[in-house]
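Respectively, the protein sequence lines represent chains A and B. Take the first sequence: its position 61, counting from 1, is numbered 61 in the working numbering, and each next residue is one higher. Take the second sequence: its position 55, counting from 1, is numbered 55 in the working numbering, and each next residue is one higher.
It is possible that some hints are incorrect.
Unchecked claim - Here are a few chain A residues that face chain B, going by a calculated C-beta distance under 8 Å:
1. Q2
2. G43
3. L45
4. F47
5. R50
6. S53
7. F54
8. Q57
9. Y64
10. K105
11. L106
12. G109
Since the hints were made in silico from the structure, they are not lab data. We treat Cβ as the ideally placed atom computed from N, Cα and C, and that holds for glycine.
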Amino acid sequence: AQKVTQAQTEISVVEKEDVTLDCVYETRDTTYYLFWYKQPPSGELVFLIRRNSFDEQNEISGRYSWNFQKSTSSFNFTITASQVVDSAVYFCALSEVNYGGATNKLIFGTGTLLAVQP
Amino acid sequence: ETGVTQTPRHLVMGMTNKKSLKCEQHLGHNAMYWYKQSAKKPLELMFVYNFKEQTENNSVPSRFSPECPNSSHLFLHLHTLQPEDSALYLCASSHLLLRGPNFSNQPQHFGDGTRLSIL
């Protein structure tokens, strides 16, 4: 069975601190995709990154970076020099690969609420 | 307008009412999704439509009835709902998954959701 675990329910940091959000996944597929989404108070889920299972290269985008470790089934997300605007719920998700071409089914974790205090 | 638009943003209804949620996407996508987000639970996929055809029904009770008249519009018709159906309902869209060497799981783009409260 596929599963995504975000063990950190809530994290509170002070502005300018670095923070890492953990994501651990389970899958039997050899090909899969991992995603991070941000959900601000407005409710909309904002796509942040997609990573396929064959690409273990870490990625950096501005203050955001992602560490994909296939050996530990983890896909952690680090925000450097956090800002108040980073306050949101962050979801990690795993996508099944369906060679029937039918769907793009996402399995989400329960999310981590990040509160950045000024 | 761009992106994925959901209306209404908030809906309060009694258990015997009938209402509909609407989703519209302006991204040229051909797959659309309904998700349910309840407090302290992962987002739950409800339905998937590819090119207007339903390809996934995740064991959703029949009191939820989806409709996809075209690739840009998706509805969720509600009737005789239960209090436990109170949640945030999110619509998403993406490019259709392709087969073969061009296979790619495209990111889903979400709307702001409809906050549904059942009295």
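Cross-check of the supplied hints:
1. Q2: It is violated, given that the least Cβ distance between Q2 of chain A and chain B is near 12 Å, above 8 Å.
2. G43: 4 Å, holds
3. L45: Constraint on L45 of chain A satisfied, holds at 4 Å.
4. F47: Holds. Min distance 4 Å.
5. R50: This interface hint holds because 5 Å falls under the 8 Å limit.
6. S53: Since chain B brings no Cβ nearer than about 10 Å to S53 of chain A, farther than 8 Å, the hint is violated.
7. F54: It is violated, given that the least Cβ distance between F54 of chain A and chain B is near 12 Å, above 8 Å.
8. Q57: Violated - the Cβ of Q57 of chain A stays beyond 8 Å from chain B, reaching only about 17 Å at its closest.
9. Y64: At about 15 Å, which exceeds the 8 Å cut-off, the nearest Cβ of chain B leaves the hint on Y64 of chain A violated.
10. K105: Because about 6 Å separates K105 of chain A from the closest Cβ in chain B, which is inside the 8 Å limit, the hint holds.
11. L106: With Cβ-Cβ at 6 Å, under 8 Å, it holds.
12. G109: 6 Å, holds
When held up to the earlier numbered hints, the structure conflicts with 1, 6, 7, 8 and 9 and fits the remainder.
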